[in-house]
Amino acid sequence: MTERVWEVFRQEDEGDPMVHAGNVNAPDEELAVHYAREFYGRRGESHRLWVVPRDAVTELDDPDLLKPPFDRSHKRPGGYIIKHKLERAKERARGDAT
Amino acid sequence: MTTESVAPALDPGARDALAELVLSLADDEFIIGFWDSEWTGIAPMLEEDVATSSIAQDEIGHAKALYELLAELTDDDADRIAFGRSIADYRHAALLNHARGDWAFSAARRYLYETADAVRLTAVAASAHPGLAALAGKMRREETYHLLHADAWLRRLADGAEDGRRRFAESLRQLWPDAQQVFAPLGAGEGLDREGWLPKPMPELHAAWLERVRPVLEPITGELPAASPDAGGRTRRTDDFAWLHGEFTRVSGSEEGALW
Chain A
2 MTERVWEVFR
12 QEDEGDPMVH
22 AGNVNAPDEE
32 LAVHYAREFY
42 GRRGESHRLW
52 VVPRDAVTEL
62 DDPDLLKPPF
72 DRSHKRPGGY
82 IIKHKLERAK
92 ERARGDAT
Chain B
111 MTTESVAPAL
121 DPGARDALAE
131 LVLSLADDEF
141 IIGFWDSEWT
151 GIAPMLEEDV
161 ATSSIAQDEI
171 GHAKALYELL
181 AELTDDDADR
191 IAFGRSIADY
201 RHAALLNHAR
211 GDWAFSAARR
221 YLYETADAVR
231 LTAVAASAHP
241 GLAALAGKMR
251 REETYHLLHA
261 DAWLRRLADG
271 AEDGRRRFAE
281 SLRQLWPDAQ
291 QVFAPLGAGE
301 GLDREGWLPK
311 PMPELHAAWL
321 ERVRPVLEPI
331 TGELPAASPD
341 AGGRTRRTDD
351 FAWLHGEFTR
361 VSGSEEGALW
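Line order of the protein sequences matches chains A and B.
Everything in the first sequence is counted per the numbering used here, starting at 2 for the first residue and increasing by one.
Everything in the second sequence is counted per the numbering used here, starting at 111 for the first residue and increasing by one.
Please keep in mind that the hints were generated in silico from the structure rather than gathered at the bench.
Computed from a predicted model, the values in this text were never measured in an experiment.
You can trust all of the hints, since none of them are fake.
Pairs of lysine to aspartate or glutamate residues, derived as DMTMM-like cross-links and limited to a Cα-Cα distance of at most 25 angstroms, are as follows:
(1) Lys248/B <-> Glu314/B
(2) Lys174/B <-> Glu46/A
(3) Lys248/B <-> Asp14/A
(4) Lys248/B <-> Glu15/A
(5) Lys310/B <-> Glu252/B
(6) Lys86/A <-> Asp97/A
(7) Lys310/B <-> Asp121/B
(8) Lys248/B <-> Glu13/A
(9) Lys248/B <-> Glu46/A
When you get a sec, could you build the whole thing from the sequences and use the hints?
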């Protein structure tokens with residue numbers, strides 16, 4: 002039997018994110034599901050499993066796209082650091098009040 | 111266990127009939143669990159090794175629960191029943207007298223056993239004994255997966271390469287007469303009916319199993335001979351079983367009564 006690699010994702014409880022658990026070798030989907038259940042669910046630790054053939058996964062690992070050389074800090078959700086500006090603004094506001 | 115309220119009320123005849131039924135179920139699960147655990151470390155692939163070992167553990171877990179129920183009924187000890195009997199006192203079906211053989215042989219036996227066990231458990235889950243019925247209901251939930259796994263291997267071997275298909279078909283034909291013995295009549299047959307411990311008689315369960323497996327197996331094996339359960343189906347023992355008995359009693363026999 003030719004084996005394929007299947008990536009397994011598991012969810013601990015309803016509503017939790019699906020997290021990559023690991024992978025299994027299996028010749029087809031049916032046995033892949035059985036083996037995923039044995040490896041990542043036989044102790045009652047999983048609420049749900051996703052079993053995906055590895056070749057169905059589109060991979061992106063190009064550093065030019067993912068880790069470009071220029072400063073990317075302005076794209077982070079934190080954005081600009083405004084802590085000090087905010088403190089100065091508060092001081093000004095207090096000064097106005099007195 | 112939920113048997114405390116029931117056990118004291120049983121008259122000895124009814125209790126003995128129930129005990130014989132529970133022992134036959136327990137020994138079947140115990141012995142197939144031990145044979146299949148012989149694959150640990152050497153199954154065809156790592157994943158299958160884990161799956162087979164885990165299923166074997168499940169079967170021994172079912173046997174443990176059944177031996178505990180039996181120990182309550184007969185005021186005995188579950189470990190004593192499991193490990194403390196001589197070869198002649200085991201009551202598993204003749205199907206489980208054989209060593210594991212090659213992978214096709216073990217897969218053939220698992221298919222025959224799981225299908226027969228499924229038919230039998232459906233009846234036992236409706237037993238008039240509430241403790242046994244509840245236990246059978248729980249076992250059926252795990253056996254669902256065992257059956258899927260056995261069925262997956264049946265199709266792979268039957269539809270696969272010539273060598274595997276031939277070995278699988280030969281194993282099925284070899285095991286066929288002994289597989290009938292899962293439904294061998296128990297000594298307490300009448301008592302089982304009268305008390306409702308087994309709500310359907312063995313011949314009816316046997317017929318239901320044949321109806322289910324013949325159409326699946328005969329395209330693989332060719333026509334299978336007429337074969338029937340017989341009175342010795344749970345008492346005949348073999349050298350293979352004598353060897354296994356030596357294996358699984360070795361530790362408990364090394365120091366009798368030791369606590370673990």
